[in-house]
Amino acid sequence: MGFLTWLQETEFAQFLASDPYAYPILLCFHAIGMASVVGLVWVMSARVLGFPKSLSVDAFHHMSTIALWGFAVNAVSGFLIFSTEATRVIDNTEFLIKMSSILIGGFVAWYMVRTARGLEPDASFPFSLKVVAVVTSAAWFIAIVFGRLIAYTIKPPF
Amino acid sequence: MDPLLRWIRETPLGAAMRETPGLFPACEMAHFIGLSMLMGVMIVVDLRILGVFRQASYSSVLKLLPFAVAGFVINLLSGICFIACNPFLYFTNPLFFAKLGLVLLGGLNALGFTIGEHKQIAGLPSEAAAPLPARIMAVASLGVWTLVLLAGRLLPTFAPAGGG
Numbered sequence: 002m003g004f005l006t007w008l009q010e011t012e013f014a015q016f017l018a019s020d021p022y023a024y025p026i027l028l029c030f031h032a033i034g035m036a037s038v039v040g041l042v043w044v045m046s047a048r049v050l051g052f053p054k055s056l057s058v059d060a061f062h063h064m065s066t067i068a069l070w071g072f073a074v075n076a077v078s079g080f081l082i083f084s085t086e087a088t089r090v091i092d093n094t095e096f097l098i099k100m101s102s103i104l105i106g107g108f109v110a111w112y113m114v115r116t117a118r119g120l121e122p123d124a125s126f127p128f129s130l131k132v133v134a135v136v137t138s139a140a141w142f143i144a145i146v147f148g149r150l151i152a153y154t155i156k157p158p159f
Numbered sequence: 163m164d165p166l167l168r169w170i171r172e173t174p175l176g177a178a179m180r181e182t183p184g185l186f187p188a189c190e191m192a193h194f195i196g197l198s199m200l201m202g203v204m205i206v207v208d209l210r211i212l213g214v215f216r217q218a219s220y221s222s223v224l225k226l227l228p229f230a231v232a233g234f235v236i237n238l239l240s241g242i243c244f245i246a247c248n249p250f251l252y253f254t255n256p257l258f259f260a261k262l263g264l265v266l267l268g269g270l271n272a273l274g275f276t277i278g279e280h281k282q283i284a285g286l287p288s289e290a291a292a293p294l295p296a297r298i299m300a301v302a303s304l305g306v307w308t309l310v311l312l313a314g315r316l317l318p319t320f321a322p323a324g325g326g
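Order-wise, the sequence lines are chains A and B.
Going by the working numbering, the first sequence opens with residue 2, and the numbers climb by one from there.
Going by the working numbering, the second sequence opens with residue 163, and the numbers climb by one from there.
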């Protein structure tokens, strides 16, 4: 636990936790990043599932770039939020489920985009890739659900 | 205003929101999921009108809009549930009124686009630039929905003390 205690007690983490604006601003970044990653993964998954079939898969290139930016915003804002409560959130089951879902959802989305872009732009996709689209969509859904649950289940600070 | 707010709070919906374990968090989850659907689609549609994703035809991108409408409806319904739970928390908060105004603005902008621009844009060839009014509406849409998201996220944090 040494590192987490140190992290939580750094001057910056203490500032983030106590300043009246810092934490809400972090939450704002985290919400915008969430909408970008999850929203675009869902749009690309919908396309793989055939809604709408006419949408060219070539557009996945820019869509996945925006999703990656959203992911980066949330990796940073998420780490800073984590730093304010590291020792309490590390053994929170909901937090661990959220992190696992993000890991799975991220890798599966990356695999889906890579595979889809290798096919014809107006292709109808094989059933296996549709399963992949459902898996990544569900993983991000679970990440949102368990992210929200952390607020209800984390140990109080004192 | 107080009698009306008290009435809202005593509706069966308000009581259910306060007394059913897990219902309030479930509405919050729905609200986050709805906002991701709305924002995800609007990012794609608005940026396409502004000239990004040129590989995709205008008409194909516009076919995503029903997902945005679905996200909006999810958030309208879950939002009504939050208000019914404790109307005092919202109707005493300036950020709530700002958010309502912005939602109205976003809705009117979307209505204006649907009536005035949608048909013309859907018929444009991929390489053509969208007309200026549609571009202005796309910028407004991205800006307004982002502000709605921020107002909503900050609303509980900056609620006046002792609301309800």
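Watch out, some of these pointers could steer you wrong.
As the list claims (entries may be wrong) - Now the in silico label distances, taken between C-beta atoms and shown as ranges: (1) Phe108/A / Leu266/B: 39 to 45 Å; (2) Thr94/A / Pro318/B: 42 to 48 Å; (3) Val231/B / Leu104/A: 29 to 35 Å; (4) Thr319/B / Thr88/A: 22 to 28 Å; (5) Pro228/B / Ser101/A: 27 to 33 Å; (6) Ser19/A / Leu286/B: 48 to 54 Å; (7) Thr116/A / Ser288/B: 22 to 28 Å; (8) Ile91/A / Leu238/B: 46 to 52 Å; (9) Ala124/A / Ala291/B: 26 to 32 Å; (10) Glu172/B / Arg118/A: 53 to 59 Å; (11) Ala290/B / Ser129/A: 42 to 48 Å.
Everything labelled a hint here was simulated from the structure, so no lab data went into it.
Note that CB positions come from ideal geometry on N, CA and C, so glycine has one too.
**Report entry** Hint numbers contradicted by this structure
**Finding:** When the structure is compared with the hints, numbers 2, 8, 11 turn out to be violated.
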